[in-house]
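A.B. asks: The lines below spell out each chain.
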Amino acid sequence: MSASLEATTREVCAACGRDRTRLMDIVRTLQERLGYIGGDTAAALARELGIHRVEVESMVSFYAFLSHRPQGRIVIRLCNDYLDRMLGADEVAAAFEAELGIRFGQTTPDGAITLQHVPCIGMCDQGPAALVNDVVVTELSSDAARRIVRELRKHGDPARLVTRLGDGNNAHPLVRAMVNNNIRRRGPVIFSPMVRGEAIRKALAITPAEVIRAVKTARLRGRGGAGFPTGMKWEFARAAAGEPKYVVCNADEGEPGTFKDRVILTELPDRVFAGMTIAGYAIGAAEGVLYLRGEYAYLRKYLEDVLARRRADGLLGQQICGRSDFSFDIRIQMGAGAYVCGEETALLSSCEGLRGDPKNRPPFPAQKGLFGRPTVVNNVETLACVTKILEEGPATFCELGSQGSPGTKVLSISGDCRSPGVFEVPFGIKLSEVLALAGGEDALAVQVGGASGQMVAREEFDRTICYDDLATGGSIMVFGPDRNVLEIAESFLDFFIEESCGYCTPCRVGNVLLKERLHRINAGQGESADLDYLQDLAQTVKTMSRCGLGQTSANPVLTTLKNFRVTYNALVRKRTNGLVPAFDLAAAVGAAEALVGRKSEHAHA
Amino acid sequence: MSQNGKPKVATTSLAGCFGCHMSLLDIDDRILKLVELVDFDKSPVDDIKEFTGRCAVGLIEGGCCNEENVRVLRDFRAHCDILIAVGDCATMGGIPALRNNIPLQECYDEAYRNGPTVYNPSGRIPDDPELPLLLNRVYPIQEVVKIDYFLPGCPPPADTLWAALTALLGNQPVQLPYGLLKYD
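Taken in order, these protein sequences are the chains called C and F.
In this text, residue positions in the first sequence follow the working numbering: the first is 1, and each later residue adds one.
In this text, residue positions in the second sequence follow the working numbering: the first is 1001, and each later residue adds one.
Bear in mind the hints are in silico, worked out from the structure with no lab data behind them.
Keep in mind the model is a prediction, meaning the values are calculated, not measured.
A couple of the hints might just be wrong.
Taking lysine-lysine and the DSS-like style, the derived pairs with C-alpha atoms no more than 27 Å apart in a straight line are [stated by the list, open to error]: (1) K1182(F) - K599(C); (2) K515(C) - K1146(F); (3) K574(C) - K1146(F); (4) K542(C) - K1146(F); (5) K562(C) - K1146(F); (6) K542(C) - K1049(F).
Stretches of chain F that chain C covers, calculated by requiring three or more beta carbons in the stretch to come under 8 Å of a beta carbon on chain C [as the list claims (entries may be wrong)]: (7) 1018 to 1029; (8) 1113 to 1119; (9) 1130 to 1142; (10) 1167 to 1176.
Where is the CB? At the ideal position from N, CA and C, for every residue including glycine.
Bound-form chain F, shown alone:
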């Protein structure tokens, strides 16, 4: 809760493409209503890097592909009352999880040694602590922390995000009509 009494929302993109965040921006002028309803805490929307307090809702885009993702996700779990998995990467791993059938060694080699645009005469894999270590595979986020809601879609449409958020913030049950959840 902010000092002004408004609930706070935090968002992050883990192993995602920021497409779900773009979809959030697609709520267009409703974003003005949203900032009346809530304050943003840690989020790329306002570029706050670390949590400043307790949040009502955390929106997670993307799954966990590296240790930093896990740290951030656990941080979200610790600070947010409700966590929502936004989009297919968060829910199922999505496109990044395509690497799950490829040995980790090959992934590193492609990125740092053998890729067509790589220049790395030493052939070493960088070991700078700034570069998070990859996990053995990409994990959907509910395999790492408890998740309260899942919004499928690649990305979930703005209307779906809006309907879910306003329902939660208004203490209403999240009952999305079929039209907001079908993708064919």
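Next up, chain C with everything else stripped away, as it sits in the complex:
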């Protein structure tokens, strides 16, 4: 073991107070410094923190952005979700491979560049997109891919790939990204003008219980997808025994097709941080964590700066607004590429410096959350709503939206439509109206709620966006008349197979079996009994999985079986001879024929 490795490890650990619960930050920093976390690094780290080496290695193996093998100094991560592929990501991938002379998953022989695939990075409205280290490059073409490689070979600086800046704060000196907000519709809640500090001052003028009552009166429900009443969650956390309490903002926006939190954080971070501070006041917490997905690392410096300015202005930190009895501060916890960490208990595991494994619920985080203490976990948009409710009062908020779903919803719309982007609409809006706004009227199908949501057919476009009908965390993917719905469902299953944490069997194994059978049907080798098999297995995965990932991963199958039965029926045949058509003996013995040097007598009979 080299002395310098020891020294680097010690230095990085010391910077995080040799705190085992900050392992995520420590490992991320070491990865940045060393390029990867090899076995000797893991051993040094384990010694330094007094933990087992396997704890370091299991973290490194869990997160997509961490690596136990040497990687290139530059890692190109091309998004390969279905939406990006609709926009030409496959051609871009081929161009990257050709120009670099390597395949995906490989590193150039000179150790300069590694090429990887990555699921949705939240740029579906401006794909194909890729991350070059932390730098986002959007609207790629095969020409752009070749140019990127040549430039990187020349100067080796990903930041110099940004030749044009995006709209709004994407052009901020601390962001400097080519990402665009594409805000197509500003509503009266999230994208309305705000007076900085007003909401906090109004909140501090009343008691914490009254703040919670205001949120309850507004009937605010979680915007991340599950829709739990926010005020009730806060009340549970306030009443729960245990100190200290925590406020966590879930900005691990990983649901494919969702990118509205990115835009909210880019344009209105103050509204989100104010919401966290108000939540801290309401439940009696002094510490907040913004869990920011690793893909949005380019926003980090900017957000740190916003936090610093809030501290300077007395809106964060000690004695907020001069109140000697209220202090609250926020730190940013970076993720490292794991969809499951959007699930609140997995997110908390990740914040504790562990693998992003979900935990059993109950107890719910409001009772036992971060470090076993009462914790409120809210989505970015939910917290932004809180600020608005405190600014203008719950009554104004309730006037918007529908009876069961007050307020507005920020949708991120992508796919086959003329104006992909972010739309703030009142709850209760019809899907057909949403499609008209985005210019996707001729859609064949719309996936509402991301990969884990539901595939809605044309006949049901008059359904409404709200908690009681089409619930969504914001993702609306539009698929035009030429798209193959079952192929899309298959690609969603690929995503879940990749992102399953592997803890429970229904999710780890079930999704693979679903994908295999769906693929068989798609390849024209299915039979009618396969549909019953899919239905049964999907139901098992849904009911038996441990966390929200597995409980929703079968939805692409279940909802297409329900809404696109005709498509399935047209593909399956009735079996008469008892043989499984998907089994091809000639293909199965091909490898052995080549090795042994004789032809099979059965396969070619």
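Chain F: place on chain C using the hints.
C.D. replies: Coordinates of chain F only, in the frame set by chain C:
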């Protein structure tokens, strides 16, 4: 159906260890009742090598690891009204399927070239047609033909086999109590 009116049962062990067949023999003296109920057709129990007629039930032990397994399995499907996957190898591939993560070349090399007990100066892989070609991986049998029932276990206990067989032969639904299907 035999000439004496009794339904016929056939059994085979594909890529299995014959443990499931041993478990069948574990029904002890009930085997006398069984031969009153049924005649055995193609089966290692009576050493009949090929089917002599239509069978009511076929019991399959083991998955498919080579082309011969596939031929036999398809033959069973063609001759039996009901096929039962007996044991974990038939149902999931089991122990033989551990090779599924090892390249086929390495499997052949281990068996015929580099294995510690192999003497093969020519280094050739035997190409005698008597030796069935391996499949690229081991397949559970329901990936090859339609299977009607699955009896899990390694092996399924004699009581489980007995309960399933007598139910099927008596035209009763196969409803096995939890105790016959749990293995912990």
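A.B. asks: Look at each hint and say if it fits the structure.
C.D. replies: Status of the hints after comparison with the structure:
With a CA separation close to 44 Å, the supplied pair K1182(F) and K599(C) exceeds the 27 Å bound. A hinted pair counts as satisfied when its Cα atoms are at most 27 Å apart, and K515(C) with K1146(F) qualifies at roughly 19 Å. Of the pairs offered as hints, the one joining K574(C) and K1146(F) holds, with about 12 Å between alpha carbons and a cut-off of 27 Å not exceeded. In summary, the hint linking K542(C) to K1146(F) is supported, as the alpha carbons are separated by about 26 Å, within the 27 Å threshold.
Pair hint K562(C) plus K1146(F) holds up; C-alpha atoms about 25 Å apart against a cutoff of 27 Å. Between K542(C) and K1049(F), the direct Cα distance comes to roughly 46 Å. Violation of the 27 Å bound is thereby established for this hinted pair. Check on the stretch 1018 to 1029 of chain F: 0 of its residues sit with their Cβ under 8 Å from a Cβ of chain C, so the three-residue criterion for coverage is violated. Only residues whose beta carbon comes within less than 8 Å of a beta carbon in chain C count, and the stretch 1113 to 1119 of chain F has 0; fewer than three means the coverage is violated.
Counting residues of the stretch 1130 to 1142 of chain F whose CB lies closer than 8 Å to any CB of chain C gives 7, which reaches the minimum of 3, so the coverage claim holds. Residues of the stretch 1167 to 1176 of chain F lying with their CB closer than 8 Å to a CB of chain C number 0, which falls below the three-residue condition for coverage.
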